[in-house]
Amino acid sequence: MDNSKSSRPRLTLGAGISSLIIIFVALSIAIFSVLILLTVRQDLESAEIDAAFRKDYYAADTKATETLAQLNIICSDISVTDYTEAAAELGVTASMQGGRGNTSVSFSWSEEVNDATELQCKALLSNGSLTITAWNTVNKEAYINSGSLPIWDGENLPQ
Amino acid sequence: MKTNSRRSNSAVALMELLIIIAVFAVCCTAGLKAIMTADSEQSYAEQLSAATNIASDIAEQYKAGTDISELNDTVSHGYEKKIFEGKENNTLHVTLNERFSQDGSVSYLDITVSDDKYTYTQITCARTSGGEPNG
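Sequence lines, in order, name chains A and B.
For the first sequence, counting from 1, position 38 maps to 49 in the working numbering; every step adds exactly one.
For the second sequence, counting from 1, position 4 maps to 570 in the working numbering; every step adds exactly one.
Just so you know, the hints here were simulated from the structure itself, not pulled from any lab data.
Any given hint might turn out to be false.
As the list claims (entries may be wrong) - Pairs of lysine to any residue residues, derived as SDA-like cross-links and limited to a Cα-Cα distance of at most 25 Å, are as follows:
#1 A:Lys66 <-> B:Asp681
#2 A:Lys74 <-> B:Asp681
#3 B:Lys629 <-> A:Val45
To be verified - Covered stretches of chain B, as calculated for chain A (at least 3 residues, CB under 8 Å):
#4 613 to 621
#5 659 to 668
Just so you know, even glycine gets a beta-carbon here, dropped at the ideal spot from N, CA and C.
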């Protein structure tokens, strides 16, 4: 009876299992901390990109405002007769609109924000007053529509 | 014989324990270092983001025609106390400096947002002196 008891294999939690648990915990700590660091780096990178973009935007905005101030001076100058030529000196495109007695001049210019974006500005001179009609950022990279997907046009059944 | 076997077992256990302690120490050191770096970078990223938002906010208010004295009031009573309440070290300081072009047609506002350690952003915005012609 005693012999059979002693021959039965005993399940004991020795140093081995606790060591494995500790290694698992330590590795988990290391892995999670690296993951935390990677996430934080991404946050930081996006914050830096945002800060750089806003800085570039306001630099372009300042240049555009200077151009607008110059246009204001030109428009309030009675001696200027040809707005197109005067605006061209500032790098601004001017186009006459309307007919006799109701002529207005449309000015448009742009400032580069960064490689992919530009600030497009438009102003309209009408009845002696200059009004901003557009002041927005535009993506310079053109959208390319591949048009490769065979989409049913609703008329001819696809064969 | 029995004594030798016991000695050998305890030696193995000791070795195992030492290796485990070494692995644990190395992993914990690396982990703690990474977490501390992450903490400081997170704090910097938060400050940078807040500073950028504050600078943009002030720039837009200035462009909309808000007076510089009013902006100074907003800066001293608004941003520094509201946003980082309770975090004394993280208080952002906003410095505004207005200047004009030579002909006086454009006014500029230099906005600097910083704290005790870093200068996070420096933005210059402008408006026409007669106010923006609105569309």
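Quick rundown of the hints versus the structure:
1. A:Lys66 <-> B:Asp681: Cα-Cα ~18 Å, so holds.
2. A:Lys74 <-> B:Asp681: violated (29 Å)
3. B:Lys629 <-> A:Val45: Violated, at roughly 43 Å.
4. 613 to 621: holds (count 5)
5. 659 to 668: violated (count 1)
The earlier numbered hints that this structure contradicts are 2, 3 and 5.
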